[in-house]
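**Student:** In case you want the letters, here they are:
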Amino acid sequence: MEQVKKQHHSSKIKYYLSTFFKEAFKRPLELIIHPISGWEDFKYDKTSKRWVSFFYLIMMIMAVIINKTLKGFVVGGGNIKDFRLFNTILTIILSVVVATIANWCVGSLFDGKGKIPEIFRVINYAFFPYVWLSIIATIISNFIGTDELMYYNILMGIGTALTIWMMFFGLKGVHENSFGMNIINIIFTIVVIAIIIFVILLFFTFMERILSWIYAVYNEIKIRYF
Amino acid sequence: MKKVIIILWSLTITILFFGQMILPKAAYIYTPDGEDVSSAESLVATKSIDSSNLTDINGNLVSKNYTFGSLYDVADDEEHIYICDGSNNQIVVLDQNFNYLTKFPEGDVTLANPQGLYITNQYIYVCDYGHNRVAIFDKNYQLVQEVLTPTDVVFEGYQFRPKKIAVSRTGRMYVVAEGINEGILDFNPDGTFSRFYGTNQATVSGWQAFWLLFTSEEQRKAQGYNFGAALLNLCIDQDEYVYTVSSPTAGSNFIKRLNYKAQDVLNRNGYIHNDGDLVTSQNGQTADPSIFVDIDVNEDGTYISLDRVRGRIFAYDFDGNLLYEAGALAALASDAALNQNKLFQLPEALCYFQDKILTVDSKGRNLIVFEYTTFGQLVNKATHLYRENNYEEASKVWEEVLTLNSNYLLAYAGIGKAQFRQGDYEEALENLKKGNDTYNYSQAYKQYRYEKLSKVAPIILGVVLLGCVALLVRSFIKNANEEKKEGDM
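These protein sequence lines map, in sequence, to chains E and Z. Quick note on the numbering used here: the first sequence kicks off at 1 and runs consecutively. Quick note on the numbering used here: the second sequence kicks off at 1 and runs consecutively.
Some hints could be false.
Here are the simulated SDA-like pairs of lysine to any residue, each with C-alpha atoms no more than 20 Å apart in a straight line [unchecked claim]:
| hint | chain 1 | residue 1 | chain 2 | residue 2 |
| --- | --- | --- | --- | --- |
| 1 | Z | Lys452 | E | Ile144 |
| 2 | Z | Lys434 | E | Phe83 |
| 3 | Z | Lys446 | E | Asn153 |
| 4 | E | Lys81 | Z | Val37 |
| 5 | Z | Lys434 | E | Phe143 |
| 6 | E | Lys115 | E | Tyr44 |
| 7 | Z | Lys433 | E | Ile140 |
| 8 | Z | Lys433 | E | Gly78 |
| 9 | Z | Lys452 | E | Asn142 |
Keep in mind the hints are simulated off the structure, nothing from the lab.
Chain Z extracted, bound-state conformation (with noise of 0.2 Å):
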């Protein structure tokens, strides 16, 4: 009896002590168990251009003229910034030190609440929410062509109200725009719809299926639609490929790279699933999952996300590892020190701009600036060089970055590619191993076993060969004896 009831009460204990995951708050990295450890600090927020600090090129203030509203987009070429300001219905310029230039539109043309912007070498597209259409500008800012509604039978009834844009090279405008289900707009150049791309599937669970058995037809009309997850943005990467972000009622996959055909081939060998933050719960209450609200992708794959329920930007290499994550909402940061002008109020689009990240919030109205720290560059270099093949070079690279943060274990990885491409397989096992690189390690191992066994087999095989003869040898011996013994006989 005894014994029983100090089971029970060793099975209690182990009841109340499973773990509850909480917030991580200062920089962190998921390991592959899901846990999140403390990182280096890879971003940071180095200045916050709001309406006080913004000058133009002689150095004076321009909040006589103009202040900054709700910024919904910004978007860069080689030289400007462009912000999208939504509350004031213009198009704000920036040079590439943050001086203010100019705005546009001015005169006959106007805008009503823009809410994207996209940027290509000629022209410069405004998603002009409130006069449905999507607006093009030239790089003088003169009004040079417009995309209305489409005339097609599907848009009867239908108000264009365009969100986001995206271009391509050849001039193919892919929109997402309010209230369209079907996924986003793809238009031929000339403004002419084309077609529908990339939409989200609409999916039944099998308890929701289970359950719709027993609902009668008045039920399931009172339930609503089950549409798809939403689009929420987009960008399009060198190579033509466009990159979705979806609401998370999506359940997992809310970053999509989407061919020409729409299928989704982005790699997702990460140490997690590149869905932002693993939080399940916060406090005992369950946590939001990240909410992607813009993406933009540089030329080495990397892409970066943009979470507005935590304030966070994730990095993600091409391969769907985590780099690194940056940036907190004020409401959840718990360091005082931080200087709240550069924390998100309500983030709203980045951008990627020569080697620093723009962001732009809507409620905070600013524009914050992160640059890299050294481990944030150190981390782009031993990317890139991988992305090139250079596993070496990389290697040297991810060894700095692991005297930098020794909890970094997608360095462990790379060093250990280089050191079984040059074939030191014993160290590479080793830091496969705690890169958690299962396919390479895999591939290594059995490069060591064949190196191994072919040093052992000859040897092995001598003694079974020089068996065999001996047992040959003996039988024959035996034989020829007892052939004798029969002859003697």
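In isolation and in its complexed conformation, chain E is listed as follows (with noise of 0.2 Å):
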């Protein structure tokens, strides 16, 4: 009896491996071989995990963190003074919160099919080659020297490449565009994203000032009447 019950344990386990290996390995990699169909079956087959995204969101924020805290010397590493823990996280989280904001206010502009939770979810699947790249770029930049450089460049570069490759293909997928009409989808998704940028930062000199008009006239009160 106790040793079916152990069996049955490691036997899950081994299906959860199984699983985390075809959700967050296979799929992605199947959606940079087979950018149209693979996408469409990302959409209407489902065969995306909201697990998944989320794992590549945090797997994002681990990547520039230890790329930023762990590479090399020769790369420019060993010096964490400027690094700020919690400014990294929140620009990663905000950055990917607003494109897909952004994204989804153009497509629902120009007739796109896709909702928020689908444009989430290709913006954190295409971390995938990033994150993974630029892990093992970050290990090998601790093991070369200056005139070997180039293979930390070229494992970073076709980690931004092919994550920019899935990004388009992706959000061609979900709003079933033409390839034409995915350029002027992404070129108007980039100007939304910098008014966005430019309503929050109004915001706040807005709440900034209103605070010190506060302040002004509680000190004003405070100084005439106490």
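Work from the hints to combine the two standalone chains into their complex.
**Tutor:** As structure tokens, this is what we get:
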């Protein structure tokens, strides 16, 4: 009886591991290799998983942190004085959120079929190549000299390029856009991102003024009546 | 909703905490990140010689006969110091103890607003600004030659107004003149004009070029011409390379080292650009970049340059590393304990003199003498040894430097280089990392990697080989067994 239970337990781990491998590695790889049909399945056969998208969002943060803190001296590492953990996390999460919202806005204007969760998943799935390649590159960067820098640069470059590749076809897939339409979509998304950032900054300067005004009124009352 | 608000507020806090760069006050040195950290004092103003304390050899004050006017330049040979007094139209000669010897010219020969000086073994070259000539005197202070406006067609209608001069070993004169945008005037030893030299190229940024597309012909005329950055001063080193300093409109590379073909060959391998202060803002306002008004170079290839904006002397080694900085403008000095006489009002020129640095001030009307502290002497010694490729000796000196100033990253790099050459790779890597010397770090790391790998590689190879042999034997036995089975059947 005990043996059976144990066996069951180990098979469960096995099952989880194989599912993890399938969802977090095989599927994104398929999406890279089959950019058209892969993303169609992504949308209609619901081959994506929510936990994978969150996993890669977290992994993206991890990858950036690992790269900033652990990269070799020859690629500019060894100096983590300017590294801010909180800022790094916030920047990545906020940029994903802002990009999702901006793309959804543009998508709805141009008759895109994508919904917010889908766009969010596309962006996070697209981090897949960058995450793993940058982690590999970071490890390698500790064992190279300056004349071998190209290995690091090539790995990082491929990671970035594949991420852009996945994002492009992913957004094309979920919005069911044509190739040209998708380019226009992305250009407008960038513009909208800029507008959103502008509005946020405007909001904060406005808030700052209101606060200073409240403070001035408070001071005025305090000095006048107390 | 609560979370969103928290996130947004934390964003404001991060925006508010963006740092401001504030001008450093006391002695400082820049780190590779462009941050200023305090350093030990390297040069101190020990003497200020003005009309009130200028004495002759017998110790009598000379202020009855002569008082300093606006001093524009200072130069020296082995024995004497020559000061160019622009408002009294005189060249003043002091001995090496800063006693007044004489002044010239006298009699018929006069100077008018002399601006620049250069001393060779035989002659004294004076930029006679007001008389549109370069006057050449011998060491008996007699006029022997004058270089007038060049007769070339290019100079038609031009008044030659020389400001600064440097002379090569062969007697070629390099003159910086006012109103000339083509570069340095290069004169043959006989005084005939040879060529323009070391021109600063006029550049148009991408943004300017973009706007030029939308401007009409008249608008462009109204905007005026875009000239290359003006040359401010020059000096010449023992290998006949000409060092020039340009106005900061050049954007960067204010200091240049020109070879005979006027190509810039200055090493810029320092932690930061050798353009003086790195300040971008000062109390919320944009600070001016350094304006170098004079430059001098010594035998070690160390060059010192004088910044007029903040009255600082910057010393760089031949590799472009900032060694130290010193001096201050009286208007900016916060430290009341500093002797006001030993601060700059409007610094004009500097030169190396023996183991001191001399500067002159046109507004303060004085000659300020800087001497090295122990720290400065040690840095100079180490730089000298390093220049002679004597890494081991240099590293000993660098260690002494570090006891005086542990912020001095260059010293770590120096020690690391010596350890690398001695084969002490692990220590070297640590010091080179501290000294931010990527190139030597990489070299040392490769040696270190090779050393480690050569220890491990035979074992790995052996294991792999054994594995291969084992596999081979196994398959061989298997094969044999199968054959045997077939045979049995």
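**Student:** Next step is simple, just say for each hint if it's right about the structure.
**Tutor:** Status of the hints after comparison with the structure:
1. Lys452(Z) <-> Ile144(E): 14 Å, holds
2. Lys434(Z) <-> Phe83(E): 18 Å, holds
3. Lys446(Z) <-> Asn153(E): The hint holds at about 19 Å.
4. Lys81(E) <-> Val37(Z): 14 Å, holds
5. Lys434(Z) <-> Phe143(E): Roughly 18 Å separates the two Cα atoms, so the pair holds.
6. Lys115(E) <-> Tyr44(E): Satisfied, since the Cα-Cα distance of roughly 13 Å is no more than 20 Å.
7. Lys433(Z) <-> Ile140(E): 18 Å, holds
8. Lys433(Z) <-> Gly78(E): Status holds; Cα separation ~8 Å.
9. Lys452(Z) <-> Asn142(E): Holds, at roughly 15 Å.
Violated hints: none; the structure is consistent with every hint.
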